[in-house]
Amino acid sequence: MFASQSSFVMYDEEFKRINVAIEKLLRESNAKVIFLVDKNGQLISAVGETEHLDTTSLASLTAGNIAATGGLAKLIGEKEFSILFHEGEKDNLHISIVAGRVILVVIFDQRSSLGLVRLRVKKASDELGQIFKDLADKAESAEKGGGTQSPFAEITDDDIDNLFS
Amino acid sequence: MSFINYASREINCKIVYYGPGLCGKTTNLQFVYQKTAPDAKGKMISLATETERTLFFDFLPLALGEIRGFKTRFHLYTVPGQVFYDASRKLILKGVDGVVFVADSQDERLDANIESMENLKVNLEEQGYDLEKIPFVIQYNKRDLPNVTSLEELRELLNPNNVPEYEACAMTGEGVFETLKAVAKLILVDLKKGGA
Chain G
45 MFASQSSFVM YDEEFKRINV AIEKLLRESN AKVIFLVDKN GQLISAVGET
95 EHLDTTSLAS LTAGNIAATG GLAKLIGEKE FSILFHEGEK DNLHISIVAG
145 RVILVVIFDQ RSSLGLVRLR VKKASDELGQ IFKDLADKAE SAEKGGGTQS
195 PFAEITDDDI DNLFS
Chain S
3 MSFINYASRE INCKIVYYGP GLCGKTTNLQ FVYQKTAPDA KGKMISLATE
53 TERTLFFDFL PLALGEIRGF KTRFHLYTVP GQVFYDASRK LILKGVDGVV
103 FVADSQDERL DANIESMENL KVNLEEQGYD LEKIPFVIQY NKRDLPNVTS
153 LEELRELLNP NNVPEYEACA MTGEGVFETL KAVAKLILVD LKKGGA
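For the record, the sequence lines run as chains G and S.
So for the first sequence, the working numbering puts the first residue at 45; every next one is plus one.
So for the second sequence, the working numbering puts the first residue at 3; every next one is plus one.
Rather than coming from a laboratory, the hints here were simulated on the basis of the structure.
Mixed in with the good hints there might be a few duds.
Listed next, with one range per pair, are the computed distances between beta-carbon atoms [claimed, not checked]: (1) S:E120 to G:E187: 30 to 40 Å; (2) S:G67 to G:V64: 25 to 35 Å; (3) S:E134 to G:A180: 21 to 31 Å; (4) S:G67 to G:G159: 41 to 51 Å; (5) S:R145 to G:Q154: 52 to 62 Å; (6) S:A42 to G:K134: 24 to 34 Å; (7) S:E154 to G:S126: 46 to 56 Å; (8) G:D203 to S:G175: 22 to 32 Å; (9) S:E120 to G:G159: 25 to 35 Å; (10) G:D181 to S:T174: 46 to 56 Å; (11) S:E134 to G:T200: 17 to 27 Å.
Note that this is a predicted model, so its numbers are computed, not measured.
Beta carbons are placed, not taken as given, at the ideal position from N, Cα and C, and that holds for glycine.
Could you put the whole structure together from the sequences, leaning on the hints where they help?
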């Protein structure tokens, strides 16, 4: 189907597993904040010191950054650059692509180091990759079986109109 | 591609404003930003040059309210309109759920509109989308200016498939919300049809 390239669906179970995985990464890498973003810029989850952080904007800009870097990679004949690192005066950003479709962002300061973050991210990426694979399998089998109904299958025109009233 | 999160009971959709340079895409977003209640919007981000031309994109997250217990959020993006930013435009169209084409009604921009519409079709096809099948609305902007092309002519050249169309003046906000509502509605109807 051309029209709606089927949605990206997140279920409770996988969401919890993801959060367990990135919270572990947060502890083990001594990071400040970790978030996961879909390549289209949708925030999937964020853990750590997120109170003063505009995570929605961060998600959108990260995806833009990955998209632009991906464009650069293709121009020079690379598939993608799977790791980006931005060094600041206090805080640093480590951005990597997990399972080909999700972006993992680690914000860390002098309490950690690039080496430690890289090491732990590598380990966590395998685990996250497995969760996203499970998620994709689940979505696929749901689609095949036609079992899980979209929460939007039953909405009425009135429901939609009410949003704009 | 919408993102349905059962864990946080949220649904996120992406709307892209497309059109030739200086047609008013950013102005559309700015007006929406100004007129939206603070709790319903996030920060607006503009990646622009020093002369306020869009360099990469503008971004505005909006929360519309709940449908059946799901928070609906729309992420509004604009593309850079200038011809030579084509590589960037392609990137921004990734994962789009609905498109608004903002046409510049001024006579001298007619060719630029047509070129941009063609460019939209080509770039969507590259991503595997068909403009005739995705939620799509057209806005004829700058209707308040003196040297505008007639609606009939714009319609004939830009809207052969009769998608919803709106006259607008983005500077004063006329037609801006009508356009946004129309595309949002089409997206939700599409979700309803397509299922998850």
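Quick check: does the Cβ-Cβ distance between S:E120 and G:E187 fall within 30 to 40 Å?
34 Å, holds
Pairwise beta carbon distance, S:A42 to G:K134, judged against the given window 24 to 34 Å
33 Å, holds
That 52 to 62 Å hint for S:R145 and G:Q154 (C-beta), does it hold up?
The hinted range 52 to 62 Å holds for S:R145 and G:Q154, with Cβ atoms some 56 Å apart.
Between S:E134 and G:A180, does the C-beta distance stay in 21 to 31 Å?
29 Å, holds
Just to be sure I understand the hint, the distance between the Cβ atoms of S:G67 and G:G159 should be within 41 to 51 Å; is that true here?
Once the Cβ atoms are compared, 46 Å apart, the range 41 to 51 Å for G:G159 and S:G67 holds.
For the hint 46 to 56 Å, verify it against the beta carbon of S:E154 and that of G:S126.
Since the Cβ atoms of S:E154 and G:S126 sit about 52 Å apart, the hinted range of 46 to 56 Å holds.
Cβ separation of S:G67 and G:V64, checked against the hinted range 25 to 35 Å
31 Å, holds
State, for the Cβ atoms of S:E120 and G:G159, whether the hinted interval 25 to 35 Å holds or is violated.
50 Å, violated
Can you tell me whether the CB distance of S:E134 to G:T200 sits inside 17 to 27 Å?
26 Å, holds
Taking the Cβ atom of G:D181 and the Cβ atom of S:T174, is their distance within the range 46 to 56 Å?
The hinted range 46 to 56 Å holds for G:D181 and S:T174, with Cβ atoms some 51 Å apart.
If you check the beta carbons of G:D203 and S:G175, does the distance land in 22 to 32 Å?
With Cβ atoms ~26 Å apart, the hint holds.
Hint check: a violation occurs at hint 9 only; the rest are consistent with the structure.
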